[in-house]
Amino acid sequence: MKQNLIGRRSAIALLSTVVLAAGCTSGGSDSTSTKSTANLTMILTSPPTSLNPGLMNVDPNNLAYEQLGYAPLIRVGPDGTYSPALASSFGYVGTGNTQFQLQLRPGLKFADGSPLTAASVAASISYALKAGGSAAAWLGSCGSITATSADRVMISCTSPNPTLPLLLSQNAPFGFVISPAGLAKPDSLKTATFGAGPYLLDGKQTVAGDHYVYLPNPNYFDQKAIHHQKVTLKVVANPSAVLSSIRAGQADLAIGDPSTADAAKAAGLAVYSAPSYTTGVDLFDRAGTLAKPLADPRVRQALNYALDRAAITKALFGSYGTATTQLMTPVYDGYDPALNSEYGYDPAKAKQLLADAGYPNGFSMQIEAWQGFNIAQVTQAIMGYWAKIGVKAVLTSDAAPASWVSNVLAKKFPAAGYGYAGLPVFQTAQNWFRPSANPFNPFSSADPQLTALLDQAAAAAPEQASALSIQAMRYALLQGWFVTTSLVDAAYYTRKGLTGVTVTPRNIFTDLTQITPN
Amino acid sequence: MLRLIGRRLLVSIPLLFVVSFLTFGLISLLPGSPSVTILGPTASQQQYQQLDQQLGLNRPLWTQYTSWLARAVRGDFGDSLITGDPVHKVLTDRLPVTLSLIAGATLLAALLGVGLGIAGAVRRGRRADAVNVISLAGSAIPNFWLALVLVATFSVSLRWLPATGYTSLAAGPWPWARSLLLPWLALGLGGTAVIAKQTRDGFAEAMSMDFIRVLRANGLSERSIRYRHALRNAAIGIVTTIGMVFVGLLSGSVLIETVFAAPGLGSATVTATSEHDLPVIQGAVVYFTLLVVVMNLLVDLSYGWLNPRVRR
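As they're listed, the protein sequences go chains A and B. Residue numbers 1 to 518, in the working numbering, belong to the letters of the first sequence in order. Residue numbers 1 to 312, in the working numbering, belong to the letters of the second sequence in order.
One should not assume that every hint holds.
[To be verified] Calculated pairs, DSS-like style, for lysine-lysine (alpha carbon to alpha carbon, straight line, at most 30 Å):
| hint | chain 1 | residue 1 | chain 2 | residue 2 |
| --- | --- | --- | --- | --- |
| 1 | A | K388 | A | K349 |
| 2 | A | K190 | B | K89 |
| 3 | A | K230 | A | K109 |
| 4 | A | K230 | B | K89 |
| 5 | A | K224 | A | K204 |
| 6 | A | K204 | A | K185 |
| 7 | A | K185 | B | K89 |
| 8 | A | K388 | A | K314 |
| 9 | A | K130 | A | K411 |
| 10 | A | K412 | A | K388 |
| 11 | A | K204 | B | K89 |
| 12 | A | K392 | A | K349 |
[Said to hold, decoys possible] Derived list of chain B stretches under chain A, where covered just means 3 residues or more per stretch with a C-beta under 8 Å from a C-beta of chain A:
| hint | segment |
| --- | --- |
| 13 | 74-84 |
| 14 | 272-281 |
[Unchecked claim] Across the chosen pairs, the derived CB separations fall in these ranges:
| hint | chain 1 | residue 1 | chain 2 | residue 2 | range |
| --- | --- | --- | --- | --- | --- |
| 15 | B | L30 | A | S89 | 45 to 51 Å |
| 16 | A | P337 | B | L30 | 41 to 47 Å |
| 17 | A | P218 | B | A170 | 23 to 29 Å |
| 18 | A | S444 | B | L181 | 52 to 58 Å |
| 19 | B | V73 | A | S149 | 53 to 59 Å |
| 20 | A | P337 | B | R59 | 51 to 57 Å |
| 21 | A | P297 | B | S28 | 39 to 45 Å |
Hints were generated in silico from the structure; no laboratory data involved. A virtual CB, placed ideally from N, CA and C, is assigned to each residue, including glycine.
Throw the hints in and build the complete structure from the sequences for me.
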């Protein structure tokens, strides 16, 4: 496992679900200042898709904008452990992962001075569930959120959900508690912060789409954790400009990019990286609606055996990638190093499987890929290997992710290149293996055996969940639902001396509130 | 003069209508929706459709356009679908950046271009050749490449100038100019070549005219002949070219604003296009069209100042 070490290459920031571009920042930093006068400037590659936590698309860019203005109920640390934040204690009640209780700290206030109570927490989570954000599905059947006392909240689910601590942390939207004033005017959530976080957005100094300025929240419950008098999030989309900005001293840290990571390292910047997303091709037409051969598992297996994953990964990601067959990243249940020995490079076996399935001369199909995050390049590399076993894929690449999603959901293609960030099996199953149409499973494919395995894993206690998750993911892998080639790093660049930056496989979104001036 | 201004402004009304309609139509043909930008790629089809409905994107295209147009004629371009900010605020905040960038780059191109053009016309031999080479090199070098070289040299290596960003004029003339020096150079040098060529040709032509010989015969100094008479004679062509350069730099500013992360109209348009934020795109197109109309009007008005016969 690679972890935040200076000199590592960086990959990219990704979505918590799919990879989207991340960014960097620029801005002045006052490295000689004391705690109370220091500024922090971070470069991000894109503006927030929405400042409204209820509509937030979970990715490192968006989380940075939200984490400053909204305090989470629970804090997840670099090692993946959970600790108190707004909630002083929390945990599942009983067995089965269906009841979760939160106990709030006393005397909490929102930035506007109004009290933060269990009722406001319940109202905020309920709003986030109904606002229409993509993460709502992750909360699944946990639709009953009630304040059982002035400072206690109970979340009840009709089916097991083992990921509630993560969903209530700083890395997901449900933990960001919105004040009653914000909930009363949801449109205002797009342009201002209504939370209880360490900072609040200063609309006067902010230019939407360019830079966002945050000032300390005098009502934050942990004043000693406010390390900067001003935090600026600057949007710079071009990776070269990101690197130039931080090298020119205009920013303290930035989200990196594989194309500039070597240069960042050579320039003496600190580079923090950790495996964060997998990439390959999603064979989502599992019923053969558009490409009949894909309905046969032997064909999908042949497409896996045809690849030299190590060669593809080395060529495209160098030392910032690792060859893998798996959808999961190493820190989550469902990942098993042994599964990487499945589908060794074996073109002869691939051809034999195609022949057994009735396609000795191969076949043709259309394929789509988004150009971001090297996804199109990965797809092209895979297509090259497929051509050697007679499978001719014709690529359509999209410059914008919106076009990619639109085409995929319209079921215009039987397969598509993908990038998928590390998430627990529970969320991954919802995106890939449950019969709900979304960009990773547009044909709403499902397999009863796989569904049963996933159900068991979701309800299991932690000590059994791992084995059950591996069993489910092994089944999906051997069914050939996807062709994964690489596990790719995410990265941050920082100026020398900045402390508190942590990028780990468990927590690839560095927590800005932990960064301290030096 | 007032009639000319009025006529120009009247012509701009159908122009704005046509441009906005074409833009709306073209953007609507692109696959994708702002809902995907907001929700990301892991939402369900139902969630995308629900948000599309909330944003009013499931209405017929014609209805969406007429609705936008009805508000736009009252000066209300609506709100950004992504940020929720009023479009007029988004664009008005960014207009000074683009104007500063374009005006400065045009001024730089005009000063260098006219100077090189005159030098090329009055000098002979190697000096003239050198002027030609310099001006041609200016047009041959891609502005984004030049931008990267300038940043690498003056921002990263020397740390004299910022690599990215924009400082408002309100912060002081020097901080403002400092933030724009590199973008001005990157953008303006390309226009220099065009203006230099026009100046050289126009100036040389004027210097070969009969009235110049008459002026010489009358004993006027060469300096006076060149700069009071020949240059003025060539000025209409030069001003026209400067106007064209200004309009051309508007498109170039899109790339330069992106490279320098300057929050101008160009970068806003790029972002809005990738996000399918139609109200911002429509508003930006209107702003750009108005800038072109105003520039052309200024060029027309300058004809009258340069040539009294036009005023009659």
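Inset, instruction - Below or equal to 30 Å on CA atoms is what counts here, so check K204(A) against K89(B). - result: holds (12 Å)
Inset, instruction - Mind checking the hinted window 23 to 29 Å against the Cβ distance between P218(A) and A170(B)? - result: The hinted range 23 to 29 Å holds for P218(A) and A170(B), with Cβ atoms some 28 Å apart.
Legend entry - Hint consistency between K130(A) and K411(A) [alpha-carbon to alpha-carbon, up to 30 Å]: Between K130(A) and K411(A) the Cα gap is close to 27 Å, so the pair holds against 30 Å.
Inset, instruction - Starting from the hint 53 to 59 Å, judge whether the C-beta atoms of V73(B) and S149(A) obey it. - result: Between V73(B) and S149(A), where Cβ atoms are some 56 Å apart, the hint holds.
Inset, instruction - For the pair we were handed, K388(A) and K314(A), check the Cα-Cα distance against 30 Å. - result: holds (20 Å)
Inset, instruction - Would you mind confirming whether the straight-line C-alpha gap from K190(A) to K89(B) stays at or under 30 Å? - result: Measuring from Cα to Cα gives roughly 15 Å; hence the hint holds.
Inset, instruction - Take a quick look at whether K388(A) and K349(A) sit within 30 Å of each other, Cα to Cα. - result: Satisfied, since the Cα-Cα distance of roughly 12 Å is no more than 30 Å.
Inset, instruction - Hint says 41 to 47 Å; check whether the CB-CB distance for P337(A) and L30(B) agrees. - result: Given range 41 to 47 Å: holds, Cβ gap about 43 Å.
Legend entry - Proposed proximity, K89(B) with K185(A) (alpha carbon, max 30 Å): holds (20 Å)
Legend entry - C-beta pair P297(A), S28(B): status relative to the range 39 to 45 Å that was hinted: Holds, since P297(A) and S28(B) (Cβ atoms, about 41 Å apart) stay within the stated range.
Legend entry - Beta-carbon spacing of L30(B) to S89(A) - inside the hinted bounds 45 to 51 Å or not: Between L30(B) and S89(A), where Cβ atoms are some 50 Å apart, the hint holds.
Inset, instruction - Would you mind confirming whether the straight-line C-alpha gap from K230(A) to K89(B) stays at or under 30 Å? - result: Given that 30 Å is the threshold and the Cα spacing comes to 24 Å, the pair holds.
In this structure, none of the earlier numbered hints is contradicted; all agree with it.
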